[in-house]
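Undergrad: Sequence:
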Amino acid sequence: EPTLDNIQLAAHALAKRALDNGHDPNFYSPFAKSARRSLGINICGGKPDDVTVLLAAVTSTS
Numbered sequence: 001e002p003t004l005d006n007i008q009l010a011a012h013a014l015a016k017r018a019l020d021n022g023h024d025p026n027f028y029s030p031f032a033k034s035a036r037r038s039l040g041i042n043i044c045g046g047k048p049d050d051v052t053v054l055l056a057a058v059t060s061t062s
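Using my numbering, you'd call the opening residue of the sequence shown number 1 and step up by one each time.
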């Protein structure tokens, strides 16, 4: 059963991971993969100013 605390912990963990990747100059991001595949451009590194995390708990009312 998800709790508010568990959801907040998960959101913070995901945001931290995204922020860490954003500051990593060697991170091969989905954007970098797409740029390479579509345009043949080789880039690495994250984007630390573009972090969004959205989590939802879906429960049933029984």
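Derived from the structure by calculation, the hints contain no laboratory data.
Hints may be right or wrong, so weigh each one.
[Said to hold, decoys possible] Label pairs and their in silico Cβ distance ranges: (1) 55 to 33: 23 to 29 Å; (2) 22 to 62: 38 to 44 Å; (3) 7 to 44: 29 to 35 Å; (4) 49 to 10: 38 to 44 Å; (5) 14 to 44: 32 to 38 Å; (6) 40 to 62: 33 to 39 Å; (7) 62 to 24: 25 to 31 Å; (8) 55 to 35: 26 to 32 Å; (9) 62 to 5: 32 to 38 Å; (10) 7 to 43: 31 to 37 Å; (11) 45 to 10: 23 to 29 Å; (12) 49 to 28: 14 to 20 Å; (13) 11 to 45: 21 to 27 Å.
C-beta atoms are modelled at their ideal positions from N, C-alpha and C, and glycine is treated no differently.
Undergrad: Each hint needs a verdict: does it hold in this structure or not?
TA: Going down the list of hints, with the structure as the test:
1. At about 24 Å, the beta-carbon gap between residue 55 and residue 33 stays in the expected band of 23 to 29 Å.
2. One distance hint, 38 to 44 Å for the beta-carbon pair residue 22 and residue 62, holds here, with the actual separation near 41 Å.
3. Between residue 7 and residue 44 the Cβ separation comes to about 32 Å, which falls inside the hinted range of 29 to 35 Å.
4. In this structure the supplied range 38 to 44 Å is violated for residue 49 paired with residue 10, their Cβ-Cβ distance being about 22 Å.
5. Between residue 14 and residue 44, the C-beta spacing of about 21 Å breaks the proposed range 32 to 38 Å.
6. Residue 40 and residue 62 have their C-beta atoms about 53 Å apart, which leaves the hinted 33 to 39 Å range violated.
7. For residue 62 paired with residue 24, a C-beta distance near 44 Å fails the hint of 25 to 31 Å.
8. In this structure the hint that residue 55 and residue 35 lie 26 to 32 Å apart at CB holds, the actual value being about 28 Å.
9. Roughly 23 Å separates the CB atoms of residue 62 and residue 5, a value that falls outside the hinted 32 to 38 Å.
10. Against the hinted window of 31 to 37 Å, the Cβ-Cβ separation of residue 7 and residue 43 comes to about 34 Å, which satisfies the hint.
11. At roughly 26 Å, the beta carbons of residue 45 and residue 10 sit within the given window of 23 to 29 Å.
12. The hinted range of 14 to 20 Å is satisfied by residue 49 and residue 28, whose Cβ atoms lie roughly 19 Å apart.
13. At about 24 Å, the CB distance of residue 11 to residue 45 agrees with the hint of 21 to 27 Å.
The structure does not agree with the numbered hints 4, 5, 6, 7 and 9 stated previously, though it agrees with the rest.
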